[in-house]
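Please construct the entire structure, taking both the sequences and the accompanying hints into account.
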Amino acid sequence: MGLRYGGPASMTLGWLVVAAFNGCVALSTAEICSAYPTSGGLYYWSAKLAGKDWAPLASWVTGWFNIVGQLAATTSVDFSLAQLVQVTLLLGTGGANGGGGYMASKYVLLAIYGAILVLHGLINSLPVHWLSWVGQLGAFWNAAGVIVLLILIPTVATERASVEFVFTHFNTDNGMGIHNKVYILAVGLLVSQYTMLGYDTSAHMVK
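Residue numbering for the sequence shown is -30 to -1, 1 to 177, as defined by mature numbering (1 follows the signal peptide of the UniProt record, and there is no 0).
These aren't lab readings, by the way, just hints derived from the structure by calculation. Please note that a few of the clues may not be correct.
Derived Cβ-Cβ restraints for the label pairs, each shown as a range [said to hold, decoys possible]:
1) Trp30 - Thr128: 51 to 57 Å
2) Phe140 - Leu27: 38 to 44 Å
3) Leu96 - Ser50: 20 to 26 Å
4) Ala(-11) - Phe135: 21 to 27 Å
5) Phe140 - Thr8: 41 to 47 Å
6) Phe135 - Thr8: 45 to 51 Å
Every residue, glycine too, gets a C-beta built ideally from N, C-alpha and C.
Shown next, in the form of structure tokens:
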């Protein structure tokens, strides 16, 4: 996503911008969590901080924004995974450039997407001690993946991009007909934002 929308500048500078703003959110959330350590998390904090008169509305709005955000994040990430499976099938069967590779149709892609959603739901229906193991496995996989990529990519790369290219090159040719640079940059920032969320998790686990 970051490569298509904005390119190197969007990906490198995007991490710094997103990390800075999300750091403010994390610090604010930590401050509230230390004062109100409750498993209710965001909607409970909203009720307490809004005051008696506004508590029901603040709690209701916060709760719905939270659930809609969770649904949007889950469905979009799962669709990205379905697209990754589609491309993996293409590359594994010969590729697109005259290799006779298999390019899954939009209906097959939709079926893959549905299967991933069902699998995702089944995993979240597991007992808590199993989910704890899945969470630990996910954390290890992310950490190990980053370390492996940091070592592997510079080792096998045949070309090196200049520092100027990495930090200043902005790609507007995304193949989607989007030409507004601000909009392209906003979409490109999602590659960083996807990995930085769920700051209220510590509140839900505090009890």
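These are the hints, each one checked on the structure:
The hint said 51 to 57 Å for the Cβ distance between Trp30 and Thr128, and at roughly 56 Å that hint holds. Distance hint check for Phe140 and Leu27: the Cβ-Cβ separation is about 42 Å, which falls inside the suggested range of 38 to 44 Å. For Leu96 and Ser50, the hinted distance range of 20 to 26 Å is satisfied, since their beta carbons lie about 23 Å from each other. Between Ala(-11) and Phe135 the CB atoms are about 23 Å apart, so this pair conforms to the stated range of 21 to 27 Å.
Between Phe140 and Thr8 the CB atoms are about 44 Å apart, so this pair conforms to the stated range of 41 to 47 Å. Take Phe135 and Thr8: their Cβ atoms lie about 49 Å apart, and the range 45 to 51 Å holds.
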